[in-house]
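Participant: One letter stands for each residue in the lines below.
There are 2 protein chains.
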Amino acid sequence: MKGYIGLDIGGTKILGAIFDESGKIIKKVKKKTKAQEGIEQVIKQIYKVTDELLEEKFDLLGIGAGSPGIILDESVVAFSPNIPFRDFDLGKKMKQRYKVPFVLGNDVNVGMFGEWKKANVKGAKNILGLFIGTGIGGAIIIDKKLYTGQGGAAELGHIVVEPGGAKCGCGSLGCLEAYSSKTGIQNAIEDFLQDGEKSVLSQHIGENKAIFSSSDLKKAYDDKDAVAVKVMDQAVYYIGVATGSLINIFHPDLIIFGGGIIEAMGEPMLLAIKEEAEHHVMPTLFKDVRFDLSHLGDEAGIYGAYYLIKDNI
Amino acid sequence: MKGYIGLDIGGTKILGAIFDESGKIIKKVKKKTKAQEGIEQVIKQIYKVTDELLEEKFDLLGIGAGSPGIILDESVVAFSPNIPFRDFDLGKKMKQRYKVPFVLGNDVNVGMFGEWKKANVKGAKNILGLFIGTGIGGAIIIDKKLYTGQGGAAELGHIVVEPGGAKCGCGSLGCLEAYSSKTGIQNAIEDFLQDGEKSVLSQHIGENKAIFSSSDLKKAYDDKDAVAVKVMDQAVYYIGVATGSLINIFHPDLIIFGGGIIEAMGEPMLLAIKEEAEHHVMPTLFKDVRFDLSHLGDEAGIYGAYYLIKDNI
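Residue numbers (our numbering), protein chains in the order written: chain Z, 132 to 444; chain H, 132 to 444.
Misleading hints may appear alongside valid ones.
One copy or any two copies: either way a pair holds, since identical chains are not told apart in the list.
Here are the simulated DSS-like cross-link-like pairs (lysine-lysine), alpha carbons at most 30 Å apart as the crow flies [as the list claims (entries may be wrong)]: (1) Lys298 to Lys361; (2) Lys276 to Lys155; (3) Lys418 to Lys298; (4) Lys224 to Lys418; (5) Lys155 to Lys275.
The set of hints was computed from the structure by calculation and includes no laboratory data. Given the structure is predicted, the values throughout are model-derived calculations rather than measurements.
Put together the whole structure using the sequences plus the hints.
Facilitator: Written as structure tokens, this is what we have:
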């Protein structure tokens, strides 16, 4: 059998899989990233996952991988927020060790690439992905290829939706991420509670913040908790604003929405985003654009890594 | 001699030129568009310009053209704000009549393509153009090719910079164009005057609005007219916000700024935009991006049309 390895190198875990040439998963391995133990340890963990996959007997054609951060030349991690990579040529290391082609991309980009390839959306060439989780990541597919600009493109969570607004982790004010990510939602809830409002989510706020899960949020929203409804309406509003701008910029075929918040809230959130976006789009452009949910969940990254290396060879 | 024809079909005039294979202009012809007289008349005017160019003896290899509006398949004008084209296949007409390849693009897209090709920016692959005139147009060049999405992409003037803000001609609220185009600036001046502020630009406001020229605005700004300074600072602020978002989205090699307002205000406005944009960009992305002014002025459209057809053959 001939096959590929797809690696999803995350801040907390590394997930790897062997794919056969038809795209079927043959074997999966998951290990901790151990990012706090330094770069040498992270590399060891990547090797461990790969070596364990290679215990399976098959003819390895190439390895694809996704990693958080800014990726240059499909090989070098210029900078990563969660892993201690700095101008680190992971591609060179991997090619030296495994003697096969290796391609690296940004994790969110790669995940959305996997979503799109796996969904096999007919006729769609230009696709955007918005990934609403702890932060907000994005992906841009132009003419069926991942677009990365000079390496750091598709930071769609840092579209300015409210100039001079809420402080964002990136240092700017009013980014989409500052309102509509889990972190932004958590901050907004905190503000409401400080203003004296009541919410079932208050148990997750305070000195020792126990970050609520996306399903806690979903439950509070479904129970019509006033604070949960207000912060989610605000989150949807700003995703709609950003999506409107994105359609005016890209006139894309398709926008895929994924990430923990979207997965928890589901179809109703997608419809609400679509409805809001329409208010911010040029009338002639909106009707052409499809909105869809992501489907692969945790496996988007390994699928994307597989398609990335397969397309590259 | 072998050559190409480049046509810039504008709302008020049609400019055409013969280019030799080295890109030198051999002959230029300009005629009124006569858009108010209906579509048949506009086509006649396009033919007239082309026919008059063809009086020159040369071997025509192809025709490129730019037109306002949403262009499909490099041939059909789906919709144009200034010319009565509706789902009109201009490409078919032109190919039938002149028996040569023909390529059509959006006028602002094509103009910015001309700017970029003519400037011959070494190494730049991904370039954005922002054209600040009566409205605000944009252009996106990805991997050295014009990007148009489903035909209507690069409406960069309709990035939402202030949700719920100033009313825009497109029907939305808070678009960049509503603040930073000449129309937006005119409206802002009007608001200040209604609030009782004094300005040398007041002569251009009122019942029979005599729209001020970009050089009137430049003079008032240089003379430190308080209203002119405030509205221009606001215009620059929002261009900076939008530019910041665009860098986070595209991480482009280069952004070219053009259009009447930019041409009149010149280098100081470019520097002010750059300074403002930096506040809205992820720190790691900003340093890589070049800012430049457009240089071709009125001839950008015909140059772009020429490069478009030349690249296409």
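Participant: Are the hints correct? Go through all of them and say.
Facilitator: Against the structure, the hints come out as follows:
1. Lys298 to Lys361: Answer is both; intra-copy 19 Å and inter-copy 26 Å each pass.
2. Lys276 to Lys155: Within one copy only: 22 Å inside, 35 Å across.
3. Lys418 to Lys298: between (34 Å within a copy, 22 Å between copies)
4. Lys224 to Lys418: Close across copies (28 Å), not inside one copy (47 Å); limit 30 Å.
5. Lys155 to Lys275: Cα proximity of lysine 155 and lysine 275: one copy only (21 Å, versus 36 Å across).
No hint from the list above goes unmet by this structure.
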